[in-house]
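> What follows is the residue order along each chain.
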Amino acid sequence: MRFAHRHLLGIEHLSQSDITAILDLAEKYVDLNRQSAKHSDVLSGLTQINMFFENSTRTQASFEIAGKRLGADVMNMAMQASSIKKGETLIDTAMTLNAMHPDLLVVRHPHSGAVDLLAQKVNCAVLNAGDGKHEHPTQALLDALTIRRAKGRLHRLNIAICGDVAHSRVARSNLILLGKMENRIRLIGPPTLVPGQFAEFGAEIYDDMNEGLRDVDVVMMLRLQKERMDGGFIPSEREYYHRYGLDAAKLALAKPDAIVMHPGPMNRGVEIDGTLADDINRSVIQEQVEMGVAVRMAAMELLARNQREAA
Amino acid sequence: MSNLIFTNARLIDPENGTDNLGWLHVSDGRIAVRGEGEAPAKGAQVIDCGGQCLAPGIVDIGVKVCEPGERHKESYKSAGLAAAAGGVTTIVTRPDTSPAIDTPETLEFVTRRAQADAPVNVLPMAALTKGRDGREMTEIGFLQDAGAVAFTDCDHVIANTKVFSRALTYARSCGALVIAHPQDPGLSDGAAATSGKFAALRGLPAVSPMAERMGLDRDIALLEMTGAAYHADQITTARALPALERAKRNGLDITAGTSVHHLTLNELDVADYRTFFKVKPPLRSEDDRQAVIAAVRDGLIDIISSMHTPQDEESKRLPFEEAASGAVALETLLPAALRLYHAEQLDLPTLFRAMALNPAKRLGLASGVLSKGAPADLVLFDPDVPFVLDRFALKSKSQNTPFDGQRMQGKVTATYVAGQEVYRRP
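Sequences listed follow chains A and B, in order. In this text, residue positions in the first sequence follow my numbering: the first is 1, and each later residue adds one. In this text, residue positions in the second sequence follow my numbering: the first is 1001, and each later residue adds one.
Because the hints were derived from the structure by calculation, they are not lab data. Keep in mind the model is a prediction, meaning the values are calculated, not measured. Hints may be right or wrong, so weigh each one.
[As the list claims (entries may be wrong)] If you want the ones that stay clear, here's a sample from chain B, every Cβ over 10 Å from chain A, calculated:
(1) 1312
(2) 1339
(3) 1393
[What the hints assert, rightly or not] Per label pair, the in silico range of CB-to-CB distance:
(4) A:201 - B:1407: 30 to 38 Å
(5) B:1274 - A:149: 38 to 46 Å
(6) B:1189 - A:286: 35 to 43 Å
Cβ coordinates follow ideal geometry from the N, Cα and C atoms, glycine included.
Could you put the whole structure together from the sequences, leaning on the hints where they help?
Take a look at the structure:
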């Protein structure tokens, strides 16, 4: 199977078969990761640099573990603390790192499109670990793998994405991926956080959560950023929880076997009830984290394979 | 002085809306006489136009020359050469320099620089409020005496309506033209794109096109209060047009412009975050673009400008949200506008009504026409010659054009200011 991409910048550029290829390969790594000897050597000799211009614990750790398990030399750069503060531009930083001959560059940046810009200037493969409000492709892929394993398929499902869609790159990437795989998608949230133009992507929009959750197979919750809680987009945390927080009563409207997902980190008692989040019969939140490592291993292997063929 | 006869020319006359083959006689820097058929030779220098178009030189309101402050982006010399190469015979410069042109002293400085360096006419505008910060009005009377032809805070909207209404009232007493940027400041704060599917997909902070109508509606209400002479720098959305139409019908002293970029490009041209397509206001939907073209055709929108805004590479080679807005356009104004001619949407007299006649009229200039006694500010161009634009061939010091690498049709052959040739295509 040929994965005809130099970078992984977004789901927008992937086809159905690209997505399936990544998920199939990731299954193999799920098995590997569950063994006691978790090492592979497909990236041995290659250098992976994680450049995070925005704080991240989970995604950065996931990429780091993925690289190390595949035998790459992994380096983390906390870009907030470094040259950016000294006034260096994004492109100069990229050129500097490029001169050190990395093979894989994992980048997160607070501005939409910044990772695309950087990818134009370097010779290695670039993986987008989240750019502004644009895309977060590996999150959508790990969500897809989680859904496929829990539901046995990744098509013809009713999937609800709930919360702050407007500011979420996770929502955009999921909307594109799940749409490409032919699912019905509902976006649920207050209109200040779920603007009407998202209907043009083929999603159905609900501002009443009770109506929106009816008979869905998957409930995907989004994180509500602290700075958006007070007055600007919603009146208050407690009103938001009352109307849009996921609890057992609201979940009862979904299909009896509906799963609950959250990209983390969670605000317990804001967008999701704590007990529900921990309910192993409904919540697949921990499995999402596990799938994250496997999906990132798969994506990096496919990109590295292309690089080696090109060399 | 000059004594020229242009023969065998397609005379583009925006006043009469005609486009006929004929000849035109220039004497002492002014248009002396014109006619059809065989030209009388009268011992003048004969320029055979070979059937190319001869039109009044373009009067471009809203050109940014980066003096004082950022001469590395554009100087009066480079802007003047670019204008001449683009068939622009009068540039009306913006005061959004650093520092802003808000005192007679700064204005005199730029006037001196312009006279020394620029081969075309340069008319300066001055800021309406000090430092363009929307608090205190500038010395409108003194600035007029020093040569300011209009007053504008450029893309800074005066949010405080009391300040703006007083400035409009005072300007009216001086007979000064006020140019504003109709945009609701709150709604458009931080926006880099027009809201819609494209901006949502790209995850860019976006503004509703409604912000323009809100800004215009507010300004129109203030005009009803104050009776000032007002020009909206760029109307770019369909929703703002009915308000403009109503204001004109009610007899307010209002005119409106639009930029050549909003006439020829739409929001999708930004594609993968191409920052050379970042302009202010942001590019609009195709429906808006078509509505604006129709408004220019009907005369509801009076003026087409380049909104020439030089930016260096550093300020554009950034993530889209952080990148500077604006595009250079003195040299691409005519070829880009000719796209509308080739698409059979606007004829040449209509284009030159919007690029020469109307801006000249609005500023009380005698140019912009091909009639007897007018200054011989002329552009000779071949509307059909095809080329691919190479931004590094531009004469501007900054090369931030969205048309780089694009196929265009129509090139300036020669430009004349007061009968003097200031540019000839090599």
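> It remains to establish, for every hint, whether it holds in the given structure.
Each hint, compared with the structure:
1. Here residue 1312 of chain B stays apart from chain A, with its beta-carbon at least about 12 Å from theirs, past the 10 Å limit.
2. Every Cβ of chain A is farther than 10 Å from the Cβ of residue 1339 of chain B; the closest lies at roughly 27 Å, confirming the non-interface assignment.
3. Look at residue 1393 of chain B: its CB is around 23 Å from the nearest CB on chain A, clear of 10 Å, so calling it non-interface holds up.
4. With their beta carbons about 32 Å apart, residue 201 of chain A and residue 1407 of chain B fall inside the hinted range of 30 to 38 Å.
5. Distance hint check for residue 1274 of chain B and residue 149 of chain A: the Cβ-Cβ separation is about 39 Å, which falls inside the suggested range of 38 to 46 Å.
6. Under the hint 35 to 43 Å, the C-beta atoms of residue 1189 of chain B and residue 286 of chain A, about 41 Å apart, fit the expected range.
Comparing the model with each earlier hint shows no violations; every hint is respected.
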